[in-house]
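Each chain, letter by letter, is given below.
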Amino acid sequence: MEEFIEKLKLIKKGVDFENETELFDGGFLDSFDVIQIITMLDEDYEITVPPSEIIPTNFNSAKAMFAMMQRLEDE
Amino acid sequence: MTLTSVSFFAFVFATLVVYYSIPKKFRWIVLLAASTAFYAIVCLKYMPFIVFTAITTWLGALWLDKVTNARKEELKLHKTEWDSDTKKAYKHKTLMNKRWILTFVLVLNFGILAFIKYFDFLAEWISGLLHTPVLSLGILLPLGISFYTFQSMGYIIDVYWGKTTPEKNFAKFALFVSFFPQIIQGPIAIYDDLAKQLYEGHDLQYENVKNGFILILWGLFKKMVIADRLIVILNAILDNRPGLYNYYGAIAILVYAAQLYMDFSGGIDISRGVAQMLGINMAENFKRPFFSRTVAGFWRRWHISLCHWLRTYLFYPIAVSKSFLHLGKWIGKHAKKTEEDLPADSLWGGFTFMEHAGRVIPGCIATLIIFLIIGMWHGANWRYAGYGLWNGIIIFISMLLEPAFRYLLKKLKINTQSFGWIVWQILRTFLITMVGFAFDIGNNMSDSARMVLDCFHPFGMASTVPVQLSIGLKTSDYVIIGIGLLIVFAVSLYQECSQKSARETLIKQPLWLQWVIMIGCLLCIVILGMYGPGVAANEFVYMNF
Numbered sequence: 364m365e366e367f368i369e370k371l372k373l374i375k376k377g378v379d380f381e382n383e384t385e386l387f388d389g390g391f392l393d394s395f396d397v398i399q400i401i402t403m404l405d406e407d408y409e410i411t412v413p414p415s416e417i418i419p420t421n422f423n424s425a426k427a428m429f430a431m432m433q434r435l436e437d438e
Numbered sequence: 045m046t047l048t049s050v051s052f053f054a055f056v057f058a059t060l061v062v063y064y065s066i067p068k069k070f071r072w073i074v075l076l077a078a079s080t081a082f083y084a085i086v087c088l089k090y091m092p093f094i095v096f097t098a099i100t101t102w103l104g105a106l107w108l109d110k111v112t113n114a115r116k117e118e119l120k121l122h123k124t125e126w127d128s129d130t131k132k133a134y135k136h137k138t139l140m141n142k143r144w145i146l147t148f149v150l151v152l153n154f155g156i157l158a159f160i161k162y163f164d165f166l167a168e169w170i171s172g173l174l175h176t177p178v179l180s181l182g183i184l185l186p187l188g189i190s191f192y193t194f195q196s197m198g199y200i201i202d203v204y205w206g207k208t209t210p211e212k213n214f215a216k217f218a219l220f221v222s223f224f225p226q227i228i229q230g231p232i233a234i235y236d237d238l239a240k241q242l243y244e245g246h247d248l249q250y251e252n253v254k255n256g257f258i259l260i261l262w263g264l265f266k267k268m269v270i271a272d273r274l275i276v277i278l279n280a281i282l283d284n285r286p287g288l289y290n291y292y293g294a295i296a297i298l299v300y301a302a303q304l305y306m307d308f309s310g311g312i313d314i315s316r317g318v319a320q321m322l323g324i325n326m327a328e329n330f331k332r333p334f335f336s337r338t339v340a341g342f343w344r345r346w347h348i349s350l351c352h353w354l355r356t357y358l359f360y361p362i363a364v365s366k367s368f369l370h371l372g373k374w375i376g377k378h379a380k381k382t383e384e385d386l387p388a389d390s391l392w393g394g395f396t397f398m399e400h401a402g403r404v405i406p407g408c409i410a411t412l413i414i415f416l417i418i419g420m421w422h423g424a425n426w427r428y429a430g431y432g433l434w435n436g437i438i439i440f441i442s443m444l445l446e447p448a449f450r451y452l453l454k455k456l457k458i459n460t461q462s463f464g465w466i467v468w469q470i471l472r473t474f475l476i477t478m479v480g481f482a483f484d485i486g487n488n489m490s491d492s493a494r495m496v497l498d499c500f501h502p503f504g505m506a507s508t509v510p511v512q513l514s515i516g517l518k519t520s521d522y523v524i525i526g527i528g529l530l531i532v533f534a535v536s537l538y539q540e541c542s543q544k545s546a547r548e549t550l551i552k553q554p555l556w557l558q559w560v561i562m563i564g565c566l567l568c569i570v571i572l573g574m575y576g577p578g579v580a581a582n583e584f585v586y587m588n589f
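Quick note, the sequences are listed as chains A and B, same order.
Counting along the first sequence from 1, when you hit position 30 you're at 393 in this note's numbering, and nothing is skipped either side.
Counting along the second sequence from 1, when you hit position 136 you're at 180 in this note's numbering, and nothing is skipped either side.
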């Protein structure tokens with residue numbers, strides 16, 4: 364999780380990924396950042412995020428993103 | 045039977061009476077019967093098209109569901125027996141099957157839409173290139189074909205993604221495709237948001253009927269009092285267009301923007317109001333778009349349901365596709381990596397330009413594709429492609445240069461939250477979107493470009509007006525337009541500043557005041573609305589989409 368947050372910080376600098384729970388709904392991340400995160404997941408973790416998973420609840424916090432990542436990994 | 049006709053409201057009244065008279069579990073059947081009757085009355089000749097879309101989408105979704113369930117059963121059955129490679133191969137095979145089914149339904153339905161909408165345009169274009177006689181299909185667009193096709197295709201994609209359980213009952217699904225208040229011009233609904241509301245019977249509630257009634261009045265006011273007067277001015281200018289641009293071009297663009305917004309949002313208000321009287325909440329399609337501070341923001345507030353559809357079902361699938369992910373990686377690989385850790389407030393937001401470009405260009409290209417589609421969705425003419433690309437290119441450039449703009453603002457110590465800066469952003473966005481609207485009303489690309497460029501003609505302001513333009517409106521009409529637009533502006537400003545619905549505020553007032561305002565609005569429509577003998581009934585602009 365810590366390593367994952369560090370990678371998120373490289374994508375969008377200056378965002379409080381540890382504590383923020385409204386990353387997407389609160390406007391801290393936009394659709395372009397989401398695409399970057401999906402690229403990172405594909406590149407660094409070999410996880411393919413299908414378009415059906417691109418919903419605000421999956422990108423509102425680092426925890427939610429990590430949970431989605433684990434779920435997709437299990438599938 | 046248009047949304048503003050007496051016959052439509054008689055139809056709505058009859059539907060309401062029957063809907064609330066029968067047991068709750070049968071009420072969806074009333075909606076289906078009303079929707080079928082409405083379509084038959086307005087567009088019987090082209091009814092086979094909507095029936096075809098409903099059948100193919102319904103069957104396609106059930107087929108997808110069958111494949112998904114068989115896959116689950118099979119994987120469960122061989123859970124211990126199959127190794128991970130066998131499971132992976134089986135999953136891939138079934139995924140490909142599902143993909144073929146989806147593609148088949150999408151191609152079939154979008155193919156019909158594209159064929160009807162673009163055949164004549166492409167045939168004319170090709171015959172112009174080859175100097176051969178023009179081959180014309182010469183058929184009108186079936187009522188609401190763009191809206192119900194997009195809505196149905198959204199449903200089947202949701203089933204493919206596993207977001208939605210397919211509807212087993214064809215009659216219920218047919219209701220989702222054809223629900224009469226939204227068939228004329230949307231909004232394009234998401235299945236999970238609308239279907240359940242359609243199928244469950246609603247109790248008759250005074251609040252729903254009153255709220256719906258207020259929304260209908262507001263929609264009628266915008267359409268019949270303002271939009272149908274503005275269209276007279278617009279037509280007068282556009283009918284005399286040779287040599288008539290300069291400031292008339294600017295006036296035409298402004299009048300068109302106001303007319304389109306009053307017409308489209310007015311129609312949507314009427315549709316949503318009728319649905320609300322039936323206890324059904326339809327999604328908002330406009331959120332005061334002319335208060336947007338960026339072009340991207342404008343498209344989050346204008347025709348919201350279409351933009352949401354395109355973002356969900358097209359933008360993300362394109363932007364996260366393998367080829368686009370590879371493009372981002374490829375640009376990133378060619379970026380010169382930063383040796384030191386750049387701060388977040390540096391010129392390119394903590395990255396080098398190439399790193400930043402690698403991050404945003406795949407999304408920017410997907411944006412351009414989406415806006416090209418938005419443009420062509422509006423009509424079969426290259427100028428509509430220009431309309432889409434104009435907006436797409438502006439967003440492309442603003443996304444690419446966004447960190448540099450932010451850096452510049454900080455260096456110039458501009459307070460981006462100040463009133464003056466916000467007003468400047470709103471005005472700037474307004475002017476950019478106005479240029480886009482010129483593509484909508486020009487005869488072709490060069491005519492649209494001329495209309496815009498002539499607005500800046502340094503010598504043409506008065507001397508080149510060739511004729512005294514006879515618009516055919518009285519002075520009182522201009523006063524009504526002015527006051528009407530001021531009322532809409534004041535209500536929008538209130539909503540924008542308070543972030544409250546004007547309707548919510550109205551229904552909190554004493555009952556006598558609510559009814560005074562509602563009856564006043566009704567009288568205003570009856571007395572000032574454009575209708576009756578000698579006035580051509582103006583169809584809604586988006587009715588022919």
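It is worth saying that the hints were derived from the structure and are not from the lab.
Treat the hints with caution; some may be incorrect.
Claimed, not checked - To list a few chain A residues with every Cβ distance to chain B over 10 angstroms, as calculated: (1) 369; (2) 383; (3) 391; (4) 395; (5) 412.
As the list claims (entries may be wrong) - A few chain B residues that face chain A, going by a derived Cβ cut-off under 8 angstroms, partial list only: (6) 133; (7) 372; (8) 373; (9) 397; (10) 401; (11) 406.
C-beta: ideal position from N, C-alpha, C; glycine also.
Now for the hints, and whether the structure bears them out:
1. In this structure residue 369 of chain A is separated from chain B by more than 10 angstroms, as the shortest Cβ-Cβ distance comes to about 12 angstroms.
2. With a cut of 10 angstroms on Cβ distances, residue 383 of chain A stays outside the contact zone with chain B, its closest approach being about 15 angstroms.
3. At roughly 12 angstroms, the least C-beta separation between residue 391 of chain A and chain B is larger than 10 angstroms, which holds for a residue marked as non-interface.
4. A beta-carbon of chain B comes within 10 angstroms of the beta-carbon of residue 395 of chain A; the shortest separation is about 4 angstroms.
5. Here residue 412 of chain A does not stay apart from chain B, with its beta-carbon only about 6 angstroms from theirs, under the 10 angstroms limit.
6. At about 15 angstroms, the closest approach between the beta carbon of residue 133 of chain B and any beta carbon in chain A exceeds 8 angstroms, and the interface hint on this residue is violated.
7. Hint status for residue 372 of chain B: holds, given a least beta-carbon distance of 5 angstroms to chain A, under 8 angstroms.
8. Here the hint on residue 373 of chain B is kept, as its CB sits about 6 angstroms from the closest CB of chain A, short of 8 angstroms.
9. Using the Cβ-Cβ criterion of 8 angstroms, the hint placing residue 397 of chain B at the interface with chain A is not satisfied: the shortest such distance is roughly 15 angstroms.
10. About 12 angstroms separates the beta-carbon of residue 401 of chain B from the nearest beta-carbon of chain A, more than 8 angstroms, and the hint is not met.
11. Residue-level restraint check for residue 406 of chain B holds (minimum Cβ-Cβ distance to chain A is 6 angstroms; threshold 8 angstroms).
Figure legend: structure checked against the earlier numbered hints; hints not met, in rising order: 4, 5, 6, 9, 10.
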